[in-house]
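J.: Here the sequence shown stands for residues -22 to -1, 1 to 248, where the numbers follow mature numbering (1 follows the signal peptide of the UniProt record, and there is no 0).
Hint data in this document are derived by calculation from the structure and do not stem from the laboratory.
For clarity, every value in this text was computed on a predicted model and none was experimentally measured.
Please note: incorrect hints may appear among the correct ones.
[Stated by the list, open to error] Simulated pairs of lysine-lysine, BS3-like, Cα-Cα distance not exceeding 30 angstroms: (1) LYS93 with LYS61; (2) LYS61 with LYS33; (3) LYS119 with LYS156.
[What the hints assert, rightly or not] Here are the simulated distance ranges between beta carbons: (4) LYS93 with LYS158: 30 to 36 angstroms; (5) THR28 with THR199: 25 to 31 angstroms; (6) VAL121 with LYS33: 29 to 35 angstroms; (7) LEU98 with GLU69: 32 to 38 angstroms; (8) ASP128 with SER203: 27 to 33 angstroms.
Where is the CB? At the ideal position from N, CA and C, for every residue including glycine.
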Amino acid sequence: MYGVQVIVLLLVFSNSLRKGDASYELFLGILGELFQSDNVLPSDYGLNVTTYVEKQGYPLESHEVVTEDGYILTVHRIPHGVKNGTDGKRERPPVLMMHSLLCSSMDWLYLGPEKSLGFLLAEAGYDVWMGNVRGNTWSRKHVKLDPDRDNDFWEFTFHEHGYYDVGAYIDHILNVTKHKQLYYIGHSQGTTELFILTSMRPEYNEKIIHGISLAPIAFMTDVRSPIIGMMVKFKRQLNGLRSKKPVIVAVTRISHTQLPPSPALTYLPL
């Protein structure tokens, strides 16, 4: 699945590249490596989050969080690092990290302890929480609905990711850690979810010390990719689809949602 996701994303975003650009040459190089190499997958591919993190020598907790509309989500926690130990006297501020499109909590860890932000923050003294939005590998549960049988399970959008999922995570983390505020880091889709939450439920601004947005996305009406552009153009028709596959149904309201700025946010266009 990892290789398929990479290929799909490359094909989608290749439409915005121009021949001669450095990014175009990089794209060709990556594509060539994918099809020429016999070892496309990383050496630890196939390990679940728990096994992978413990293999690196770090502690990991898995928490299930139930949203207001009945989705059962899983957030993974690295409470402390290896080098800084479990010194109970040290204050460890919580940080919630939300992944990008087609990704999961694992994406904050793939590069190992020396390069992955999840591990680096744990070593820097943070209490690291990595969320998973409804519908991904770690959050395919509901109090009533079966994702493999009930089409209604997939009736959600980026709006619900932000309004319900991120809100539920923040409340759970603050309840467990007994902190009143936390830090937030989102990548791409993870930034969209933060914009939705802090705009539609402004009371959550008071629960965020600082929000860091990596490759932020607020509107999709001017994207260059013709594939995503067509999905945005026909969002109303797509909203009417009922499918067990969430890929199409997920592109929805965000293209016309008004998102006023939030004082808690920092924009980092990477």
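J.: For each hint, tell me whether it holds in the structure or not.
T.: Here is how each hint holds up against the structure:
no. : hint                                   : result
1   : LYS93 with LYS61                       : holds, 15 angstroms
2   : LYS61 with LYS33                       : holds, 15 angstroms
3   : LYS119 with LYS156                     : holds, 27 angstroms
4   : LYS93 with LYS158: 30 to 36 angstroms  : holds, 32 angstroms
5   : THR28 with THR199: 25 to 31 angstroms  : violated, 40 angstroms
6   : VAL121 with LYS33: 29 to 35 angstroms  : holds, 33 angstroms
7   : LEU98 with GLU69: 32 to 38 angstroms   : violated, 18 angstroms
8   : ASP128 with SER203: 27 to 33 angstroms : holds, 31 angstroms
Hint violations for this structure: numbers 5 and 7, all remaining hints satisfied.
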